[in-house]
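Enquirer: Working from the sequences, and respecting the hints, build out all of it.
Line order of the protein sequences matches chains A and B. Residue numbers for the first sequence follow the numbering used here, beginning at 190 and rising by one. Residue numbers for the second sequence follow the numbering used here, beginning at 107 and rising by one.
A hint or two may mislead.
Unchecked claim - Once the Cα atoms are required to be at most 30 angstroms apart in a straight line, the calculated DSSO-like pairs of lysine-lysine come out as:
1) K879(B) - K292(A)
2) K190(B) - K148(B)
3) K259(B) - K280(B)
4) K692(B) - K308(A)
5) K368(B) - K382(B)
6) K692(B) - K190(B)
7) K542(B) - K257(A)
8) K308(A) - K542(B)
9) K838(B) - K878(B)
10) K472(B) - K308(A)
11) K229(B) - K261(A)
Treat the hints as calculated values from the structure; they're not laboratory data.
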Amino acid sequence: MNIDLSRRGFLRLAGAGVAATSLGAMGFGEAEAAEAAQVRTFRLATTTETRNTCPYCSVACGIIMYSKGDVKAGETAELLHIEGDADHPTNRGTLCPKGAALKDFVHAPTRLTHPRIRKPGSDRFEEITWDEALDRIARAMKDDRDANFIASNEAGVPVNRWTTTGFLAASASTNETAWLTYKTVRSMGIVGFDNQARV
Amino acid sequence: MTNAWTDIKNTDLVIVMGGNAAEAHPCGFKWVTEAKAHRGAKLIVVDPRYTRTASVADYYAPIRPGSDIAFLMGAIRWCMENDKVHWDYVRAFTNASFLVREDFGWSDGLFTGYDEEKRDFDKSSWDYQIGEDGFALRDPTLEDPRCVWQMLKKHVDVYTPDFVENITGTPRDKFLTVCQMIGETSAPDRTMTSMYALGWTQHSKGAQNIRGMAMLQLILGNIGVRGGGMNALRGHSNIQGLTDIGLMSNLIPGYLNIPTEKEPDWETYLSTRSFKPLQPGQTSYWQNYPKFMVSFLKAMWGDAATAENDWAYEYLPKLDVPAYDILRMFELMNHDRVNLYFCQGFNPMLSIPNREKVTRGLSRLKMLVVMDPLSTETSHFWQNHGAHNDVDTASIQTEVLELPTTCFAEDEGALVNSGRWLQWHWPGATPPGEAKYDTWIMAQIFLRVRELYRQEGGAFPDPILNLTWNYADPEEPSPAELAREMNGRALADLTDPATGAPVLQAGQQVSSFGQLRDDGTTMAGCWIYAGSWTEDGNMMARRDNSDPDDTGMFLNWAFAWPANRRILYNRASADLQGKPWDPSRKLIEWNGERWVGYDIPDIAPTAPPDVVGPFIMNQEGVSRLFSRGMMRDGPFPTHMEPFESPMANVFNPRMRGNPVARMFESDAGRLGSSDEFPFVATSYRLTEHFHYWTKHNPVNAALQPEFFVEISEELAAERGIAKGGRVRVWSKRGQVWAKAVVTKRIRPMTCDGKIVHVVGIPLHWGFMGAAKKGWGPNSLTPFVGDANVDTPEFKAFLVNIEPAAEEPVA
Chain A
190 MNIDLSRRGF LRLAGAGVAA TSLGAMGFGE AEAAEAAQVR TFRLATTTET
240 RNTCPYCSVA CGIIMYSKGD VKAGETAELL HIEGDADHPT NRGTLCPKGA
290 ALKDFVHAPT RLTHPRIRKP GSDRFEEITW DEALDRIARA MKDDRDANFI
340 ASNEAGVPVN RWTTTGFLAA SASTNETAWL TYKTVRSMGI VGFDNQARV
Chain B
107 MTNAWTDIKN TDLVIVMGGN AAEAHPCGFK WVTEAKAHRG AKLIVVDPRY
157 TRTASVADYY APIRPGSDIA FLMGAIRWCM ENDKVHWDYV RAFTNASFLV
207 REDFGWSDGL FTGYDEEKRD FDKSSWDYQI GEDGFALRDP TLEDPRCVWQ
257 MLKKHVDVYT PDFVENITGT PRDKFLTVCQ MIGETSAPDR TMTSMYALGW
307 TQHSKGAQNI RGMAMLQLIL GNIGVRGGGM NALRGHSNIQ GLTDIGLMSN
357 LIPGYLNIPT EKEPDWETYL STRSFKPLQP GQTSYWQNYP KFMVSFLKAM
407 WGDAATAEND WAYEYLPKLD VPAYDILRMF ELMNHDRVNL YFCQGFNPML
457 SIPNREKVTR GLSRLKMLVV MDPLSTETSH FWQNHGAHND VDTASIQTEV
507 LELPTTCFAE DEGALVNSGR WLQWHWPGAT PPGEAKYDTW IMAQIFLRVR
557 ELYRQEGGAF PDPILNLTWN YADPEEPSPA ELAREMNGRA LADLTDPATG
607 APVLQAGQQV SSFGQLRDDG TTMAGCWIYA GSWTEDGNMM ARRDNSDPDD
657 TGMFLNWAFA WPANRRILYN RASADLQGKP WDPSRKLIEW NGERWVGYDI
707 PDIAPTAPPD VVGPFIMNQE GVSRLFSRGM MRDGPFPTHM EPFESPMANV
757 FNPRMRGNPV ARMFESDAGR LGSSDEFPFV ATSYRLTEHF HYWTKHNPVN
807 AALQPEFFVE ISEELAAERG IAKGGRVRVW SKRGQVWAKA VVTKRIRPMT
857 CDGKIVHVVG IPLHWGFMGA AKKGWGPNSL TPFVGDANVD TPEFKAFLVN
907 IEPAAEEPVA
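Expert: Structure (structure tokens):
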């Protein structure tokens, strides 16, 4: 069964409950209120919970991500914690040494944050805007395709191949990314198309 | 996987060969632990290294890297000889009784039809004898010398225990113990699961390794049952999905094929795909190929795909070679025949063999575009990192664009796990800086190229201009829209052809691939995903984890392709009367009218049990012990040495590696011999790291900070290598420096009278990220792949090793 009451709600109730019953039963009046005020709220109680799956191996363990802010409500959300999803049939809450450190993968110091260009012969990357980067790519693709597209072979059979541009697709991107990538690559006639499953 | 992670708890025996699940798939491996604890299941590990999986095994046997086929054929021989065969299963559910053509044969390590010049077989003799009625001839007694059973018996006869020991280095007594344990599962109420991964795929005959075990599992009757199956553990989180959706040179989503030049028109293309049944009354489900193909073409090109223009078949590229796979593309780069290259979340600098060649290829591009959440070695291939990447930066004229993408925590959509479960996930964090969704990036690239074609015209713009792009926000198609497109929908009101009853209204999502049509009235991007997003909503987002009677099926959790089926070929879990082979492990059964049970039947629900065979995707209706001409390197697996091996092929000393694997001319000269490179190397993974990603994570980088190689105490003594000392390891392609981990986990073995030492090389280091700089095995490995699928041979190659006095000069 799924746990209907979220962990956040459960812990909030439980925390307050323990303080109220134990002290109340002993008849401490004001002390009870003072003590209740001392009970720390659960750190994750103010966070947004999101269900996701581990992006590493294909066991695909269920995870719960705790964030400050709610993406779905249009807010900026900062990821604070990740733990195994106890409701998930495969991993039942467990995570391996890779999955347990997932939060720090998301926040890795070498995450990319800006499009960059390395010019021919240069020894450095320079920042570039998305518009510039995408226009350069589209222009280069159009020019290369027009110059090298093979419309038909020597026998006159239409073959519609573009072999001078290739595309390697990921292995941890979503199906939906994969499908949009497929449509784009195939519509142009790119045949140098492969993904990580090859290795 | 034919089965699922949660099903492994149902097994009696686990054999891990060609994998290391305890380290590489730890949370999935817990189901092995469950089976051991609650069913008393046993675990066998066969591996060159005494891995962490081996450390919890009931029985461990060492094996020389690249000799698995000899082991497996030996096991088949042993089972046949000792009557450890699930006879009813073999007779009814395999092609054991089919008669093979008289002109088929095998000698000197080669099947009939070999052409040395072409490095290919003429496979015409690798087939059944076909009768006048068009059906294959059979001998149900299995006594005809040309029947598959007798042919197989003859084929494996040479693989005696002594022969196996000589080739594989597995001591005879250990090999026999494994055979005995495996053989027990031929009983109808016993089963075994095979768990394998890259340890079997990354060989020049990887596909034949896997076939070898699949054949053994069929002989034991272990396919289609709970706790059985062939279970590819798979690597990355969506490697299954990317393959399903056909992101490969020669694929169309749902395992359809991109045409070749020999199929210039639609009619020719379909003519070789009629999939006529080879036995009376069989399903041969691929007969529906045109329905899936037309629905795909309608998904791609909508109204521009019509009956008159053969559904825009002309728009598809036609291949002149089997595939422009990644190895071929890097070969072409080295000949200046590639100008632009995209790497979307892929780091070929560390994952493609012969890194020197990879670097040379990238250096010859005009433009390299890298889309990744991380700053990778590939996007920095031009940057000098001393010995770790010793390139002449100024001479590299490649323009590199590095585009920041989101990662899992920030995006939404489905990933397909090894058990074929499509599981939806939701975003819970804001992308850092200007990082963008991959879907946005792909849409931008497409729309900008399309706009250039609109404005300027150019080479055959039709497939680009007519590509379906009817998203609410064309600039950013949503995951929901894309998922619905893959599932497919009706384009017109559909009625049942038999009864005339309404099935779907135009615009409604199909609920199964059975509703797809070949007349243009349906569309579906990926037919095997039909049912994943229906009129009832997103089936991949389902989270009901109830599991009636604890079968491990979880039918209401997410969605499994095809048709939400959790165990493939599950009809084979019941006998010819439709009763479960093992009543305590019932999966589905025939109730007199239809198939019912815990899983979605892998057969028409009303197909009578004694007529329609369980392997409905095959023209035979049964499984194949003899695979006809479907694999390039033989209808039976035959022992082949790796391209670099310490010994010659005992069948044919002239034969190097796989006789039909593709070898580019420039790479043939880069193969080493055992005189120069006396040691066998094999690559592997560690539990603390995931490929080249986690070295970017300071936590994992601290857990396993430094590149090492693993050798035996004997090899260390022979070469004067100290524990923890520094070594140089080199092959015909390159060299690396590493710490030496000297262990008892790798032991020398004896093959063909020679001592064989193994060097283990983990693959988690490079020159980017938080860990100490190092190298990967791809600096050393040969540029050759499997004969059928070109997966590179990472698991068996030759190196030399020596102590290195100091750090290399940076």
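Enquirer: Please write out, lowest number first, the hints stated earlier that are contradicted by the structure.
Expert: 4, 11
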